[in-house]
Amino acid sequence: MQYPEAIAKLIDSYMKLPGIGSKTATRLAFYTIDMNEDDVKEFSKALVATKNDLHYCSICGNLTDEDPCEICRDKTRDQSTILVVEEPKDVMVMEKVQEYHGLYHVLHGVLSPIEGKGPEDLNISSLIKRLQKIKAVKEVIVATNATPEGEATAMYLSKLIKPAGIKVTRLAHGLSVGSDIEYADEVTLFKAVQGRTEI
Amino acid sequence: MKLTEIELHNFRNYVDQTLKFSDGINVFLGENAQGKTNLLEAIYVLALTRSHRTNNEKELINWQSQTAQIKGRLQKRLGTVPIELDLGPKGKRAKVNHLEQAKLSTYIGQLNVILFAPEDLSIVKGAPQVRRRFMDMEFAQMSNRYLYNSTQYKKILKQRNRYLKDLHYKRQKDRVYLDVLSDQLSAYGAEIIYQRLQLLKKLEKFAQNVHSEISQGKEKLAFDYRTTVEADQLGSVELIYQSLLKHFAKIKDKEILRSTTLIGPQRDDLHFVINGKEVQSFGSQGQQRTTALSVKLAEIDLMKEQTDEYPILLLDDVLSELDDFRQTHLLTAIQDKVQTFLTTTSLSGVQQELLTNPRIFRISEGNVTMEK
Ligand SMILES: Nc1ncnc2c1ncn2[C@@H]1O[C@H](COP(=O)(O)OP(=O)(O)OP(=O)(O)O)[C@@H](O)[C@H]1O
Ligand SMILES: [Mg+2]
Ligand SMILES: [Zn+2]
Numbered sequence: 001m002q003y004p005e006a007i008a009k010l011i012d013s014y015m016k017l018p019g020i021g022s023k024t025a026t027r028l029a030f031y032t033i034d035m036n037e038d039d040v041k042e043f044s045k046a047l048v049a050t051k052n053d054l055h056y057c058s059i060c061g062n063l064t065d066e067d068p069c070e071i072c073r074d075k076t077r078d079q080s081t082i083l084v085v086e087e088p089k090d091v092m093v094m095e096k097v098q099e100y101h102g103l104y105h106v107l108h109g110v111l112s113p114i115e116g117k118g119p120e121d122l123n124i125s126s127l128i129k130r131l132q133k134i135k136a137v138k139e140v141i142v143a144t145n146a147t148p149e150g151e152a153t154a155m156y157l158s159k160l161i162k163p164a165g166i167k168v169t170r171l172a173h174g175l176s177v178g179s180d181i182e183y184a185d186e187v188t189l190f191k192a193v194q195g196r197t198e199i
Numbered sequence: 001m002k003l004t005e006i007e008l009h010n011f012r013n014y015v016d017q018t019l020k021f022s023d024g025i026n027v028f029l030g031e032n033a034q035g036k037t038n039l040l041e042a043i044y045v046l047a048l049t050r051s052h053r054t055n056n057e058k059e060l061i062n063w064q065s066q067t068a069q070i071k072g073r074l075q076k077r078l079g080t081v082p083i084e085l086d087l088g089p090k091g092k093r094a095k096v097n098h099l100e101q102a103k104l105s106t107y108i109g110q111l112n113v114i115l116f117a118p119e120d121l122s123i124v125k126g127a128p129q130v131r132r133r134f135m136d137m138e139f140a141q142m143s144n145r146y147l148y149n150s151t152q153y154k155k156i157l158k159q160r161n162r163y164l165k166d167l168h169y170k171r172q173k174d175r176v177y178l179d180v181l182s183d184q185l186s187a188y189g190a191e192i193i194y195q196r197l198q199l200l201k202k203l204e205k206f207a208q209n210v211h212s213e214i215s216q217g218k219e220k221l222a223f224d225y226r227t228t229v230e231a232d233q234l235g236s237v238e239l240i241y242q243s244l245l246k247h248f249a250k251i252k253d254k255e256i257l258r259s260t261t262l263i264g265p266q267r268d269d270l271h272f273v274i275n276g277k278e279v280q281s282f283g284s285q286g287q288q289r290t291t292a293l294s295v296k297l298a299e300i301d302l303m304k305e306q307t308d309e310y311p312i313l314l315l316d317d318v319l320s321e322l323d324d325f326r327q328t329h330l331l332t333a334i335q336d337k338v339q340t341f342l343t344t345t346s347l348s349g350v351q352q353e354l355l356t357n358p359r360i361f362r363i364s365e366g367n368v369t370m371e372k
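Line by line, the protein sequences are chains A and B.
UniProt numbering numbers the first residue of the first sequence as 1 and each following residue consecutively.
UniProt numbering numbers the first residue of the second sequence as 1 and each following residue consecutively.
These are calculated hints, taken from the structure and not from any lab test.
All residues carry an ideal CB built from backbone N, CA and C; glycine is no exception.
Some clues are possibly wrong.
[Said to hold, decoys possible] Below, simulated DSS-like cross-link-like pairs (lysine-lysine); rule was C-alpha separation at most 27 angstroms, straight line: (1) B/Lys90 / A/Lys117; (2) A/Lys117 / B/Lys252; (3) B/Lys155 / A/Lys159; (4) A/Lys41 / A/Lys9; (5) A/Lys117 / B/Lys103; (6) A/Lys51 / A/Lys96; (7) A/Lys89 / B/Lys155.
[Said to hold, decoys possible] Residues of chain A clear of chain B, computed beta-carbon distances all greater than 12 angstroms: (8) Ala8; (9) Lys23; (10) Asp65; (11) Gly102.
This is chain B alone, in the form it adopts within the complex (with noise of 0.2 angstroms):
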C-alpha cells in the first residue's frame, strides 16, 4: 500500500497544502518547530480517525479555522483509493471513494500505517497502558472484528464502572444488572484475550527473527502476555469467558468498594523477555532499544500476512535515536517495500548511503519546498 497524495487544509500548521509522495522513502527534513511531526500526524490521523499526541481533536485544526480536512490518494494492489477525514466542531466525518463511512470499522484498514516514534523506545519500560494501547491501536488495524470487540467493550466498561459507583454510593441497588454487565463484558473481554494471544504469538515469531538478527543470534526473544485469567484457562473464547466470570464472582463487594472494575483486557500487560529474563527489569539500554526496535518490525511483517499489504512506515526522529547498526537494520528491512516517511532535522546523523532516491520536503513554518 502506498500514499501517492496527501491535501491538507487548516490541519495544525499547514492552511492549504499538496504533496505527492515517493513510492520509497520520503524525508521531512527542517529546524525544530517548524511542522515535520505535524505531517506525520495527518497522515496517522487520516489512518486511524485519532492522533497519537492527543485526546483533544480540537488542537488539531489551524487556530484560524474552525474546521480541518485531510485527503489522502491510496495505491493499492487494487487500484486507487481516495480517501477523507474531515474534523469540525460537531465531529469527524470519514469518506472512502467519496462516499461518509457510517461506521469506523468499514474507514479504518483502508490506510495502515504503524508509527515509530522516541516515545516507542519506551515500550519496554514505560507503562502498561502504553503497551496495550500498542496492542489495540496495531491489531485493530489488522482486524475488524478487534475493533469491534474493543469499541463494544469500551462502551460496556464506561457502563459498568458508573454502576459500580451507583452500587457504591447506594444510588442504585439491583446486583442483578451487575451481574449482566460482569457476563456481558467477560463475553467481549474473552473475545479479546484471546485475539491478543493469537496475534501476539505472531508478531512474536516475526520479533524473533529480527532480535535475534540484531543481536547476532546471542539473544532469544519471547512475549509474555500477563492476564488475570489462570494460563491453562487461554485456550478458547469459552474457557477465557468462564474464567473471568468466576473472578468476577468473587470480586464484586471489592469492585463496589473501589468503584471500578478490576479485571479485565484493560488491566492486563505485555512483557518481554530475553534468554528468560524480564527486559523491562533486567535489560539493559541497549537490549530496551532492540526490543522496541524488533516489536516495530515484526508488525511491519505482521500487518503484511494479516491484510497481503504492507503498512505505511512512519519514523519520527527515530533514526538519530538508533546507532549505526541498528539504523541500517532497520532500513535494510524496509528498503524497496515499505514506503517510508521519516521527520529529521539534519541528515547528517543518517547513514544516507541506505536511503535510496528519496524525496526530500523541506518544513518551514507551515511551508513545504521539494528539493530536487
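Looking at chain A on its own, in the form it has when it is part of the complex (with noise of 0.2 angstroms):
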C-alpha cells in the first residue's frame, strides 16, 4: 500500500533535515497528523517565516529580523572591541555566556580554497570599510576556530588590520585545537575570552 500523498510529502520533507532518516521521519509525520490544528498552522508559518523574515545585518552579517540587529543598535555595548566568528550560532554562544559587551563580525565560514573560499567570498571587506569608518574601534578579537584554516583566517585578518593602528587578538585559551567553538562549554569560553592573546 502506498502513502497518501500529503504524508508521503510530509514524510519526505522531514527526511530533508540533518540526522532524520525514512523511519523517524515517519514517526514524526504521523504525529504531525495527530497535532491539532493550531499548532500545526504555528509550526508552519514559523518555518515559512525563517526564510522571509530573517535577513542578514548590514553592518555585521549576523541574522536578524531587522536592520541593523539588535547588537548593532545597542549604544551601551562597548562600541570600542569587534569579536569576529564565523558563523551566527557562535554570537548566541558568545551572548549566553554574558562575559562580552562588544560588538560583533560574522565572516561566514573561515578561508579554504578546498571549499571555494577565498578572502573575496567573506564577509571581510565589510569588516574593514567598518573599521575605516568607525575610528572608536581599538580592538579586534578574532574567535574562529582552531583549526588550521580558523587560524589562517586569523593570521590574515590580522595582517589586513594591524597596520591600521588597531590591536589583534585571538581567542586562544580553553578552545581545545580541532575544537568548534559551538562545542565548547561556557566555562572554557570564559577563560577564553579572559586569556586572549595578542597576534
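Both chains are sitting in their own frames, so use the hints and assemble them into the complex.
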C-alpha cells in the first residue's frame, strides 16, 4: 500500500533535515497528523518566517529580523571592540556567556580554497570598511575555530587590520585544538575571553 | 608489546576468524593467493588505521559485506588492552578499551608495528616517496607530536596547492593570503623537518651498529637527509622556519606558475651512504639489501627507546629473499624480544633451527588451521 500523497510529501520533507532517516521521518509525520490544527499552523508559519523575515545584518552579518541588528543598534554596548566569529550561531554562544559586551562581525565561514572560499568569498571587506568608518574601534578579537583554516583566517585578518594601528587578539586559551567554538562549554569560553593573546 | 589475539569479521577473505597468537614467532604458511598477506595487513590496519597496500578502504571489506571489523587484544607492560577498528561506507571508527576515540592521535601508538615486505628492499633504490612514507609511518607511531604536525601539514598543503591553482587561473588574486599559507606551512614544516632530523640521528646510530655487524666491520653506514633548508640552518625549529619562509618568498611566482608547492618535507628525501659513497647510485645489490635490513632492525631498537615497548614485526615473504647469513642475523636479532608474524609459501627456504617454538598457521582460501 502507498501512503496518501500528503503524508508521503511530509515524510519526504522531514527527511531533508539533518540526522533524520525515513523511519524517524515517518514517525514525525504520523505524529503531525495527530497534532491540533493551531499548533500545525504555528509550525508551518514559523518555518516560512525563517525564510521571509530573517536577513543578514548589513553592518555585522549576523542573522536578524531587523536591519541593523539588535546588537549593532545597542549604543550601550562597548563600541571599541569587535569580536569576529565564523557563523551566526557563534554569536548566540558568546551572548549566552554574558562575559562579552562589545560588537560582533560574522564572516560566514573560514578561508578554505578547497571549499571555494577565498578572501573575497567571506564577509571580510565589510569588516575593513567598518573599521575605516568607525574610528572608535580599538581592538578586534578573532574567535575563529582552532582548526588550520581558522588559524589562517585569524592570521590573515591580523595582517590586514594591524597596519591601521588596531590591536588584534586571538581567543586562544580554553578552546581545545581542532574543536568548534559551538561545542566549547561556557567556562572554557569565559577563560578564553579573559586570556586572549595578541597576534 | 604482544598481540595475543585477533578477531576478524569480513576483512578481505576472512568472514569470521579468531586467532590466538604466540608471544614469539607466528608463521602463516600457505600457497599463493590464500590470504597470508591479508592477515598481516589486518594487523597493520589495526595498528595504523590504514593499509600498506591500498588507499581504497573498500578493498579491505569482504566483497559480500558492507562493513568489516578487526579486534585485537594487546598485552602491554601495564596490562591488557582491547582495541578495535570498524570499517564501513561512512568511514572508520577506532576504539580503545571499548571507548570510541575521536582523534587519531589517541589511537595510533596503541599497537606499534614494523612491516618488512619485499618492496622494502627497494627503500634504498626506490622512489623518494617510499622513503618519506617510511619516515612518516614510523615516526608517527613513536611521536604523537609528529602525527599531529604531519596531519595539520597535509591539510594546509592541500589548501595552499588549491590556492596556488586559483591564483594561476586568476580565480583569486589576494597575495596576502598566500603569504599566510606559506607562513603556516613553514611553521608546521619546520617542526616536521626538525623532528625527522632528531629521530633520524638516533635511527642512524642503531642502523650503523647492525650494518657494521652484518658487514663484519668492513662498512660504515650513514644517513643524509636532503632538504632545501641550508645545512647550517637546521639547528632549531626557528631557524628552519625562517629558512623556509625565505625560500617561499623567492619562489612564489614559480609556484603559482606550476600551481603547486615546491619545497617542504613532502619534497625532501633521505639518502644512504656507505663508506662515503651513495648506496643509491653505487651500492651493490647486497649492500642495498644489507642497508634495508639494517634500517628495519634499527627501527625496532628506536621504537623500543622511544615508546619503552618493543613493536610487533610483520615479515611478508622476506625471509626467502634474504640469504642464510642475513636471515640468521635477522632472526637472532628478534629472538625472545620481538613478537613476529611471518608469511611464507614453504618452510624449506627458512632456517628452521632459528625459529624457536614457532606457532604455525596453515592458510587455505581464507581458512586457518593451527598446526600442532
Ligand atoms: N575484499 C575481499 N574480499 C574477499 N576476498 C578478497 C578480498 N580482497 C582480496 N581477496 C582475496 O584474497 C586473496 C589474496 O590474499 P593474499 O594477498 O593474502 O594472498 P597471499 O596468501 O599473501 O598470496 P601470495 O603468496 O601470492 O602473496 C585472493 O584470493 C583474493 O581474491
Ligand atoms: Mg602475500
Ligand atoms: Zn549587526
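Evaluated hints:
no.: 1; hint: B/Lys90 / A/Lys117; verdict: 26 angstroms, holds
no.: 2; hint: A/Lys117 / B/Lys252; verdict: 21 angstroms, holds
no.: 3; hint: B/Lys155 / A/Lys159; verdict: 22 angstroms, holds
no.: 4; hint: A/Lys41 / A/Lys9; verdict: 17 angstroms, holds
no.: 5; hint: A/Lys117 / B/Lys103; verdict: 26 angstroms, holds
no.: 6; hint: A/Lys51 / A/Lys96; verdict: 24 angstroms, holds
no.: 7; hint: A/Lys89 / B/Lys155; verdict: 25 angstroms, holds
no.: 8; hint: Ala8; verdict: 27 angstroms, holds
no.: 9; hint: Lys23; verdict: 17 angstroms, holds
no.: 10; hint: Asp65; verdict: 34 angstroms, holds
no.: 11; hint: Gly102; verdict: 25 angstroms, holds
In the structure shown, no violation is registered for any of the earlier numbered hints.
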